[in-house]
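Novice: In case you want the letters, here they are:
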Amino acid sequence: MSAAPLLEVRDLYKHFVLPRTLLSRLLTGQGNRIVHAVNGVSFVLHAGETLGLVGESGSGKSTLGRTILRLYEPTAGEVRFDGQDVFRLDAAGLRRFRQQAQIVFQNPYASLNPRKTVRQILNVPLMLRGVPKQERQAEAAALMERVGLAARHLDRYPHQFSGGQRQRIGIARALAMHPRLIVLDEPVSALDVSVQAQIINLLEDLQLEYRLTYLFISHDLSVVRHLSTRVAVMYLGQIVELGPTEPLFEEPLHPYTRALLSAAPGQGQRERIILQGAPPSPLDPPPGCPFHPRCPAAVGEVCRTVRPPLAPHPGGRWVSCHLYGGLAQEDGRVASVGQ
Amino acid sequence: MAVWRRLFANPSAAAGLVVILLYAFAALFAPVIAPYGPREMVLANRLKPPAFLEGGSPSHLLGTDHLGYDIFSRILYGARVSLLVGLISVAISLVIGTLLGCIAGYWRGWIDRILSRIADLLMGFPYLLFTIFAMAIIGPGFGNLIIALCFKAWVEFYRLARGEMLTENTKEYVEAARALGRRPVAIIVSEVLPNIYHSLLVLGTLRMGYMIIMEASLSFLGLGIPPSIPAWGSMVSAGRDQMLNAWWVATMPGLAIVGLVLAINLFGEGLREALDPRLRR
Amino acid sequence: MEKLLVIENLSVEFPSPRGPLRAVDGVNLEVRAGEIVGLIGESGSGKSTVLLAVMGLIARPGRILPGSSVRLKGRELTQLSQKAYRAVRGYEIGMVFQDPMTALNPSMPIGEQVRESLRVHRYCKSKAEERERVIQLLEAVGITNAAQRYRAYPHQFSGGMLQRVLIASALACNPRLLLADEPTTALDVTIQAQILDLLKEINRERNTAILLVSHDIGLAAEFCDRIAVMYAGRIVEVGPAERVVNDPQHPYTRGLVGCLPTWGGRRGRLEPIPGSLPDLTRLPHGCAFADRCPLALPECRDQEIPLIVTSDGREVSCIRTEEEVAV
Chain W
1 MSAAPLLEVR DLYKHFVLPR TLLSRLLTGQ GNRIVHAVNG VSFVLHAGET
51 LGLVGESGSG KSTLGRTILR LYEPTAGEVR FDGQDVFRLD AAGLRRFRQQ
101 AQIVFQNPYA SLNPRKTVRQ ILNVPLMLRG VPKQERQAEA AALMERVGLA
151 ARHLDRYPHQ FSGGQRQRIG IARALAMHPR LIVLDEPVSA LDVSVQAQII
201 NLLEDLQLEY RLTYLFISHD LSVVRHLSTR VAVMYLGQIV ELGPTEPLFE
251 EPLHPYTRAL LSAAPGQGQR ERIILQGAPP SPLDPPPGCP FHPRCPAAVG
301 EVCRTVRPPL APHPGGRWVS CHLYGGLAQE DGRVASVGQ
Chain R
1 MAVWRRLFAN PSAAAGLVVI LLYAFAALFA PVIAPYGPRE MVLANRLKPP
51 AFLEGGSPSH LLGTDHLGYD IFSRILYGAR VSLLVGLISV AISLVIGTLL
101 GCIAGYWRGW IDRILSRIAD LLMGFPYLLF TIFAMAIIGP GFGNLIIALC
151 FKAWVEFYRL ARGEMLTENT KEYVEAARAL GRRPVAIIVS EVLPNIYHSL
201 LVLGTLRMGY MIIMEASLSF LGLGIPPSIP AWGSMVSAGR DQMLNAWWVA
251 TMPGLAIVGL VLAINLFGEG LREALDPRLR R
Chain D
1 MEKLLVIENL SVEFPSPRGP LRAVDGVNLE VRAGEIVGLI GESGSGKSTV
51 LLAVMGLIAR PGRILPGSSV RLKGRELTQL SQKAYRAVRG YEIGMVFQDP
101 MTALNPSMPI GEQVRESLRV HRYCKSKAEE RERVIQLLEA VGITNAAQRY
151 RAYPHQFSGG MLQRVLIASA LACNPRLLLA DEPTTALDVT IQAQILDLLK
201 EINRERNTAI LLVSHDIGLA AEFCDRIAVM YAGRIVEVGP AERVVNDPQH
251 PYTRGLVGCL PTWGGRRGRL EPIPGSLPDL TRLPHGCAFA DRCPLALPEC
301 RDQEIPLIVT SDGREVSCIR TEEEVAV
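Residue numbers (our numbering), protein chains in the order written: chain W, 1 to 339; chain R, 1 to 281; chain D, 1 to 327.
The following block holds chain W by itself, in its conformation from the complex (with noise of 0.2 Å):
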């Protein structure tokens, strides 16, 4: 793709600071302690593309999903939207910006307020994009037809609607505005897997109908890996591996990548790869490398010390780790995938 990304992210960071009491850290000796959710993330999404966004709890994937949206004040870094920069938009500039860039969330329950019918859930969209008071009865009820429900359930609550239901009513809210992204946030995963399949069709649907762009949030690598042209996975707040979907999966080249899908059902039968210790947490992150405590092929010193950058591997692919880098060599470790 030659033409200039829809969205660009850059050494982005989000860190949410605990505060500890005084008396505890007159006590302790320690500061406040700093949660590093997104810890130098970069990437770009072209318009039409699918991005999914993998990794385990802790990994950051939903943090960094609302700081590219500005639902978070970033610690650093830049994100740039249409060329635009998003986190110095003034009030005016980021409500345009909001039009244009949407969320869907995981909570089908949490998400709709309760004591809203669904005409005046969709009604906020509709006026907040400029749509004449006459005309919003007609779109709403075009939307509520788009996402397969009936229009006549306009003026029901959302507690009247199964889980799968009221799923649809957060797309066809997100909808509402026209974006040009959308951030779907684990948008399955509280669904049984016969209501997923729809949701997973309709989003392809809307996707082609509407020429929607995707960054597709979730832990859940079958579904990932059904929708996403490109794939980024997520360890300890930075992206540890991207690239394009089937290559990634069929030949993952980041240790970590290897041991998640080995542990995944149904990517095939592949050796499993156990991984020792314990899951990180992103209060204190290690230093060097955040997979090298647990990774079977950590090579020693540099992994240590160094944190290796997101370099690129042919094919559009992109690696973190010392492996793939000319760092690692000098330990006479060879790098495995040919260049």
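Keep in mind the hints are simulated off the structure, nothing from the lab.
Even for Gly, the Cβ is constructed at its ideal location relative to N, Cα and C.
Just so you know, not all the hints are guaranteed correct.
[Said to hold, decoys possible] Restraint-style ranges between C-beta atoms, simulated for each label pair: (1) R/Leu99 to W/Asp155: 28 to 38 Å; (2) W/Ala76 to R/Gly163: 32 to 42 Å; (3) D/Ser16 to R/Asp120: 40 to 50 Å.
[As the list claims (entries may be wrong)] Once the Cα atoms are required to be at most 30 Å apart in a straight line, the calculated DSSO-like pairs of lysine-lysine come out as: (4) W/Lys133 to R/Lys152; (5) D/Lys73 to D/Lys83; (6) D/Lys73 to D/Lys3; (7) W/Lys116 to R/Lys152; (8) D/Lys200 to D/Lys73; (9) D/Lys3 to D/Lys83.
Given chain W, work out where chains R and D should sit, using these hints.
Specialist: Same frame as chain W, now just chains R and D:
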């Protein structure tokens, strides 16, 4: 709505509402219903017993006091004072408290810290003492009474509104509204308020009984309402000296107070129960 | 292989405002010694209720209907008193639940919680022996420094470690059968793999049978020997795990597998199952899946559907099994 149905299924709440309406009716139509004017003094008829006691007559249903005022009429007129004071002071406290609570809860930061400190400070004072103190400073009068009552009362609504706002703020539907680009004021008013107003309403209803007792206490002490306007509290106070020979002078207005406050509390409790299970869906 | 657990004609009902709700309807299932059986279904299928029934944990006003039978090593469990059942739970049957964070008591050291089972069933002769056994169990489930960790509290452990503690607790009295209700659903994928491997190891080394309840048919395919698929309280298909998933016979199982991104339409379209669950207070006499089934015939709705045994040793509750249907 289902809420009303559930409310009326509750007998004590329904009874409470009926009684409240009766009082309101009495207050509204006092000039029409009352057999005597509020300041109609007939000294010859002083200390007449109520109609149901020996020596009483139907012309003075509840007897007369030491100045010859008809107690029944004065109770009717007194209802106006009590209900007005109760309603207005609750309304003002609720509005101020909710406004400040929502602001503090949504934006947090220094404004939250300052407001919450003020609230904590005010909470430290015992209510009656504080109100007396305030009245002593700003002087008597209907308006001043209401100001004094509201001065501390808003804190309760502030706490509740702030707490609810903090809770709702973490919920995803609020995050969704932010993601759509709604302005903060719109989010507070249009998204959050419809989810929290019911608990504020319940608190308001329950506080109203308390306000009325406060008003009665103040007029009992001679503060607040000017003595020329009949108020239940001052009626009780005036009747203190007659307790042994004409007990009805103090007791009747006292019962009026009890009746109204009890009715309000029963209704308020019923309201809370009716609204609660609906929320725990 | 001996039949360890035999569930016969199990039906469980719960009262509801619209009438009695049949959560489990005439379920037949066997677990043989040393076998791993998966009970798979979506929400509302009744799978968890089956486990609860086996454990005797169906709380009033729910009830197991007469005519139901649950036999453990030949012994009928449904008629047992609560007291007698308590002797069974933990001793003959071990249980592992879904959420390790809430299943353990936050104010008790984990060693004590594992010991609880030993104490109640008087498995050991002395306190010292109990403690010794607990440490052995903790080591067996992969908790290093077990002796020191004995006194640690649940909040000091991660989800995966807590699940190991739960498993240790379930294995304390060396039961022949382990019941697991979605034991890995709350865990990350890599941890899930560890826990499943641990359970497999326990199954191999101690010949402990496992009855696993899950919504994840993919997981079950890799982990279980046999799979039973449930729909609307009934079992629709039972058979060897690999066969059921790779060559599903019942239309519901086919639909379920067709929904999955890996087995179904990878790079193609997923095929969701149209319609929704039937009303469990008004289960039809015939097949519960008929309204959503692409192969439904008029007879499907009227008659009771028998269990057909296929040539490759499966039981399918569909009258159109083994037909040459162009699918």
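Novice: Straight-line Cα separation of W/Lys116 and R/Lys152 no greater than 30 Å?
Specialist: violated, 34 Å
Novice: Checking one constraint from the list: CA of W/Lys133 to CA of R/Lys152, max 30 Å. Satisfied?
Specialist: The hint is violated at about 44 Å.
Novice: Can the suggested window of 28 to 38 Å be confirmed for the beta-carbon pair R/Leu99 and W/Asp155?
Specialist: holds, 31 Å
Novice: Given the hint that D/Lys73 pairs with D/Lys83, test it: the Cα-Cα distance must not exceed 30 Å.
Specialist: It holds: about 19 Å lies between the C-alpha atoms, which stays within 30 Å.
Novice: Would the hint linking D/Lys73 and D/Lys3 be met if the CA-CA limit is 30 Å?
Specialist: holds, 7 Å
Novice: CA of D/Lys3 to CA of D/Lys83, is that 30 Å or under?
Specialist: Measuring from Cα to Cα gives roughly 25 Å; hence the hint holds.
Novice: Does 32 to 42 Å hold as the CB distance between W/Ala76 and R/Gly163, or does it fail?
Specialist: Hint holds: Cβ distance 34 Å, inside 32 to 42 Å.
Novice: Between D/Ser16 and R/Asp120, does the beta-carbon spacing fit 40 to 50 Å?
Specialist: holds, 48 Å
Novice: Could you grab the alpha-carbon distance between D/Lys200 and D/Lys73 and see if it respects the 30 Å cut-off?
Specialist: At roughly 22 Å apart (the allowed maximum being 30 Å), D/Lys73 and D/Lys200 satisfy the hint.
Comparing the model with each earlier hint shows violations of hints 4 and 7; every other hint is respected.
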